[in-house]
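Chains as they are written, first to last, in the working numbering: chain A, 1 to 149; chain B, 1 to 291; chain C, 1 to 781; chain D, 1 to 153.
It should be emphasised that the hints constitute simulated quantities derived from the structure, not laboratory data. Ideal placement from N, C-alpha and C gives every residue a C-beta, glycine not left out. There could be a bad hint or two in this list.
[To be verified] Only part of the chain B face toward chain C is listed, based on derived beta-carbon distances under 8 Å:
id : residue
1  : Tyr266
2  : His269
3  : Val273
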Amino acid sequence: MKITGSADLAPAPEDVFPRLLDPAVLIRCIPGCEKMELVSEGVYSTLVRAGVGPVKGEFVGEVTLSDVVDRESYRMAVAGKSAVGHANGAATIKLEATESGTRIHYAGDAQVAGLIASVGSRLLQSVANKIARDFFKSLAVEVAAESST
Amino acid sequence: MIPTSFDYVAPESLDEAVALLQKHGDDAKVLTGGQSLIPLLRLRLARPGVVVDLRKLSDLGRIESAGEALEIGAAATHAEVMNSAAALEKCPLLSETAGEIGDVQVRNTGTIGGSLVHADPAADWPAAMLALGATMVLSGPQGERAVAAEDFFVGLLESAAQPGEILTGIRVTVPRQPAARAYRKLAQSASGFALAGAAVQLALDGDTIAEARIGITGVAEHAYRPREVEAALTGGALDASSVETACASAAEGVEVLEDIHAGAAYRGHLASVLTKRAVLAAIERAHGHAS
Amino acid sequence: MSGDTSYIGKPVRRKEDRRMIQGLATYVEDVDLPGLHHVAILRSPFAHARIDGIRREAALAFEGVVDVITGEDTTHIGTVPRSTVLPEEVNSPRTPVLAEGKVRFAGEPVAAVVATSKEAARDALELVEVDYDPLPVASEPEAALADGAPVLHEGIDDNLAFDWTLAGGELTWGDARERADRVIEQRLVHQRLAPIAMEPRGVVARFDPGTEETTLWTSTQIPHFVRTFVAIMLSIPETKLRVIAPDVGGGFGSKLNVYREEALLCFLARRTGKPVKWIERRSENFQSTIHGRGQTGDVQVAVTSDGKILGIHYDVLADLGAYHQLLTPAMPAITGLMLSGAYAIPHITIHVRGVFTNRMSTDAYRGAGRPEATYVVERVADLVAAELDMDPVELRQRNFPSEFPYETATGLTYDSGDYVKALNKAIEVGEYAGLRAQQAEARAEGRLVGIGLSSYVEICALGPSSAMPSGGFGWDSATVQVHPTGSVSVLTGVSPHGQGQETSFAQIAADKLGLDLDQVEVKHGDTHAVQYGVGTFGSRGIAVGGVALYRALEQVIDKATRLAAALLETEADQVRFEGGVFHGPDGALAFGEVAFAAHVAKDLPPGFEPGLRATAFYEPENFTFPFGTHLCVVEVDPELGTIDIQRFLAVDDCGKVVNPMLVDGQIHGGIAQGLGQALLERVVYDDAGQLLTGTLMDYAVPKAHQLPRFQTERTETPSPVNPLGAKGVGEAGTIGATPAVVNAVVDALRPLGVRHLDMPLTPDRIWTAIQAAERSKVGAR
Amino acid sequence: MEITVSVNGKPERRDVEPRLLLCYFLRDVLGLTGTHVGCETSLCGACTVLVDGKAVKSCTRLAVQCDGQEVTTIEGLARNGELHPMQAAFREHHGLQCGFCTPGMILAAVDLVDSGEARDETAVRHGLEGNLCRCTGYQNIVTAVLEAAGSSS
């Protein structure tokens with residue numbers, strides 16, 4: 001399942017980039033994220049309540065940030081399992097400086113296994129796109145709020 | 001096949017029901033017909049701690065004419081709406097749409113309110129609600145509020161009902177007369193849900209369309225009104241080619257869903273074709289006075 | 001039997017109905033035992049992954065749980081059996097009961113929980129923690145064969161299970177190509193299907209420590225095979241295993257197998273000392289009950305310009321799934337054997353590569369290899385007719401064999417058959433000429449009307465053993481036990497599950513013995529009560545099981561006649577048995593009197609054995625070859641891509657018919673499944689091996705309003721192979737209907753330039769094909 | 001939770017877990033195994049029973065929801081040894097083969113006839129959209145329902 005898109009943020013890449021790697025920011029921006037603890041270099045153990053409508057899964061797993069090129073790009077890998085199924089994904093995130101600030105490009109692939117794949121296949125693409133959109137929407141709010149103070 | 005354990009409560013009054021939802025928050029789920037919730041419980045996709053059954057709130061099941069409007073209780077089953085004399089008389093699009101839902105068993109138990117709050121992108125009711133400009137009446141901790149159909153269907157399996165709020169009724173004003181209506185749907189062959197469906201409520205003026213309200217379901221993440229098509233139809237002629245031209249943009253400006261049953265191109269095409277067929281069927285029925 | 005009071009040939013109402021229409025039938029889930037425990041099975045969410053560890057403490061501690069086992073506890077259990085002769089060399093990795101260190105398809109069983117209640121078993125299942133290490137997946141057959149593809153089985157260096165070629169005929173392929181005026185090519189897809197019997201699988205097992213005997217209730221089509229193979233898997237004597245197939249809610253081939261859960265439940269019953277029950281949930285049925293079809297092939301046809309087919313070359317990939325089940329590799333082999341279809345084709349080559357994929361196993365599903373062969377041949381016939389602008393009826397008539405018996409290029413001998421008779425009847429009853437005229441009018445109005453037909457031959461009544469692709473067991477058995485009061489029990493080795501053989505076999509016995517229908521009781525399915533039998537599949541019920549019964553009845557009549565002669569003090573050849581009475585020169589005895597005398601035994605002549613019972617084991621000398629022609633008329637809505645089936649006529653020849661009502665029922669059901677494949681059904685796995693059609697919300701089993709009323713007609717060409725003249729009909733509908741409706745839809749779209757469409761012909765596919773054809777036409781202009 | 005459900009005319013008082021589905025209340029608690037379960041997504045209809053006279057999928061209903069209601073299962077259709085006309089019609093027209101879908105099919109058909117929906121072939125076929133059968137291809141079932149409807153009207 002492909003997940004691609006972009007998001008525009010007001011601050012310049014140098015302000016945006018550190019926040020993208022800051023667990024405190026990530027925990028607030030990843031929809032339904034309730035725990036984000038550093039386990040080892042670039043690896044966080046996480047608890048994410050994700051789902052759509054009445055269907056919620058508590059995904060226990062890890063987020064790994066790697067191939068960090070300061071202020072330019074990095075790779076985020078996510079793996080989690082819940083009673084409704086497993087979710088694995090990886091995306092490369094690139095920052096592009098624009099006149100109005102930063103444009104973030106994200107391109108990734110996600111795999112879902114188990115019950116939610118076999119029952120919800122018609123909804124998964126939309127759910128994945130929504131999670132990505134919500135992440136960058138809350139990131140924009142987060143980043144805008146901080147830079148204004 | 002076996003849900004997780006949960007507590008079951010059947011409140012005697014609406015206030016008690018709202019209080020219960022308030023108390024348990026996200027951990028509580030409302031049960032009316034069960035056609036949306038119970039499959040999720042059985043597959044363990046939903047795991048509520050508390051199920052609040054509204055079966056004792058009998059007045060939620062009533063369907064009444066109130067002057068120029070029709071009040072439909074959220075707990076009315078699809079079959080009750082289908083066979084309701086008041087609906088047939090004042091707003092036959094409701095009965096026609098109800099008849100297209102699921103199967104006999106689902107129509108006997110599933111409720112209009114349950115379906116609307118569940119907001120499946122391929123459910124039939126949302127299209128009719130938009131075409132009729134219905135209003136959803138929600139009761140919650142802050143009392144009652146009304147939400148127009150346009151604002152009620154927010155996203156994928158997501159309605160405007162906030163946690164703790166209960167959809168108690170649907171208010172439909174009698175469509176502007178002389179009226180013409182039709183619902184045309186292409187069902188997904190396994191589930192019976194709409195690959196695409198178009199509900200149309202027109203007001204005719206001689207041989208032109210005075211007003212056109214259309215609801216399209218199954219095509220996007222939630223039901224929507226194809227504004228361009230409505231505008232193109234309004235004031236337009238009733239002949240097939242004018243209608244066809246007007247309906248061409250039925251999927252414009254919408255992110256069309258795609259799955260193993262239908263690709264985006266085909267689904268977008270269905271939006272136009274089914275809207276056209278619904279409009280023409282409505283007109284023909286109004287002129288032919290067929291039932 | 002004077003006058004027409006015989007039962008054979010009559011639409012006798014079924015004896016089975018009484019219990020079924022009152023909810024008094026007993027299916028596996030209805031079996032209840034004191035102290036019954038419940039089993040829930042944990043299945044892999046991944047299609048390909050290593051298992052790094054399994055933690056069961058939390059599950060074991062859960063209230064009500066008595067045991068939790070994993071693959072570590074079942075390594076001693078033998079592999080799930082594969083019994084195939086054809087193709088010869090097949091890579092056959094072990095099929096474990098529970099995954100051993102690695103999972104190879106989504107839904108593979110990993111652990112099992114035993115608890116005092118269904119609820120406790122299901123709740124505890126979620127407490128079993130499995131550490132999966134996901135591996136790259138080989139889901140699609142072509143990708144699974146590409147170099148660098150992930151390899152499923154250690155010890156095999158790629159995913160090739162077998163590479164088998166069958167080539168034969170008067171001509172070589174080279175000759176055929178050379179003499180041909182054209183060679184037509186086409187890729188054909190037989191998509192994976194799910195049989196979806198309405199009753200999911202289910203198993204109950206009880207171990208009796210006293211006798212050390214295990215009783216296994218299972219929803220199966222082959223109770224004796226299950227006993228033999230499960231005994232082998234568990235290394236227990238076959239005498240210590242009793243298998244009972246109670247009422248079985250449909251099979252269609254999906255229960256013509258030995259499944260892991262059957263051995264697993266016997267093992268758990270013994271290990272826990274408790275009777276245990278496992279009932280398959282529908283989502284488990286989709287993931288871990290065999291699928292059908294799953295072939296993708298490229299066909300080449302060498303044909304003369306006047307429509308004579310000289311040769312067919314079919315190169316096909318068979319999507320076998322991750323493991324073999326009972327007959328997995330035999331399916332494409334049977335397709336090869338039947339590639340001559342109804343026609344005399346001088347050369348046939350089939351080259352099959354069986355591919356392991358990270359998916360559930362494919363195996364026999366109603367038709368089992370023959371629908372694929374008929375679909376190839378009948379699509380080829382229409383492709384050739386279209387290319388040569390010849391009427392498809394004429395094309396077929398031109399290629400029928402001229403005399404019988406006819407030996408095909410693949411080595412089969414069609415026994416009797418006057419295929420033109422079935423085609424002519426379809427043309428006549430279907431008013432074919434009129435249909436073509438109406439089609440021309442419709443086309444003039446711009447409407448898309450299509451006429452399609454298929455002439456099929458199928459290989460049925462599986463026997464003789466020597467020629468069986470499954471490596472033997474080409475026979476079946478029956479015992480006729482006459483009781484002192486003259487009523488009769490028939491113990492049949494076949495295992496009916498909807499075919500109505502408790503009635504049709506009773507018709508055969510009642511007629512032969514001159515009894516009333518309700519004096520005959522047909523028993524089946526309990527390996528302790530019934531002699532070894534092979535089972536119900538391959539449309540062999542009447543043509544093999546029924547003939548075994550016929551032979552046993554002959555033995556009973558022979559013995560009773562000799563006893564009657566003695567009682568009437570005359571010679572046996574002076575006694576005539578008719579209308580249930582033994583007529584001697586000067587006296588007569590009713591069947592009941594002789595039966596009673598045989599048991600009282602006080603007047604038996606010296607050396608005459610008391611009792612009246614006979615058992616027969618019957619092996620046919622050749623397969624039978626039912627045939628027929630199906631005709632379908634459709635109209636396509638070009639805007640929606642939907643299809644309206646305006647007419648469906650089936651003319652079938654299954655030899656002599658015992659009960660026409662039951663035969664019609666089999667044909668209706670078969671056509672429905674044939675149309676299901678053509679228009680609605682498709683198992684879909686994604687590239688990661690996840691099953692996207694995991695419920696009935698996404699897998700479209702045909703519903704009543706999606707099917708037309710079928711018109712069924714028959715010709716009756718008795719088979720010379722058996723005394724009943726019966727050929728078998730169970731799979732005729734599935735084999736004939738699919739190509740007939742696909743040919744009709746392609747015919748409807750021909751004016752738009754559409755040449756072929758792959759199944760299922762969903763509205764999306766038809767609309768998309770119409771757009772593509774119009775674009776290419778615009779481009780061509 | 002304490003519930004009282006009248007099943008085939010007999011009041012049944014039991015204490016049940018809220019999560020117990022009506023189909024399992026009938027099968028496991030009351031031992032009425034004529035109601036069959038064929039799927040998990042409310043699609044196949046094999047579990048159809050009548051609740052207050054209306055066809056309902058008993059797998060998509062909690063037993064606690066039926067407190068105080070009337071349930072009719074296949075075992076309750078025949079009256080003192082006399083088959084219901086629908087049961088007789090299914091036998092007469094070979095409307096069943098393996099029998100697994102039959103109880104649900106018969107009860108759905110009874111509701112169709114009682115509610116006057118079994119008017120013609122098309123109406124009956126749409127009326128049975130909630131009941132899957134894999135053996136019969138539906139033809140004989142539709143014939144049986146039409147005949148039973150004809151004799152009852």
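Any CB of chain C closer than 8 Å to the CB of Val273 (chain B)? 5 Å, holds
Using Cβ atoms only, decide whether Tyr266 (chain B) comes closer than 8 Å to chain C, and label the hint accordingly. With a minimum Cβ separation of about 4 Å from chain C (threshold 8 Å), the hint on Tyr266 (chain B) holds.
Given His269 (chain B) as an interface hint, is its Cβ closer than 8 Å to any Cβ of chain C? His269 (chain B) check passes; min Cβ-Cβ to chain C is 7 Å, inside 8 Å.
Consistency with the previously given hints is maintained throughout, with no hint failing.
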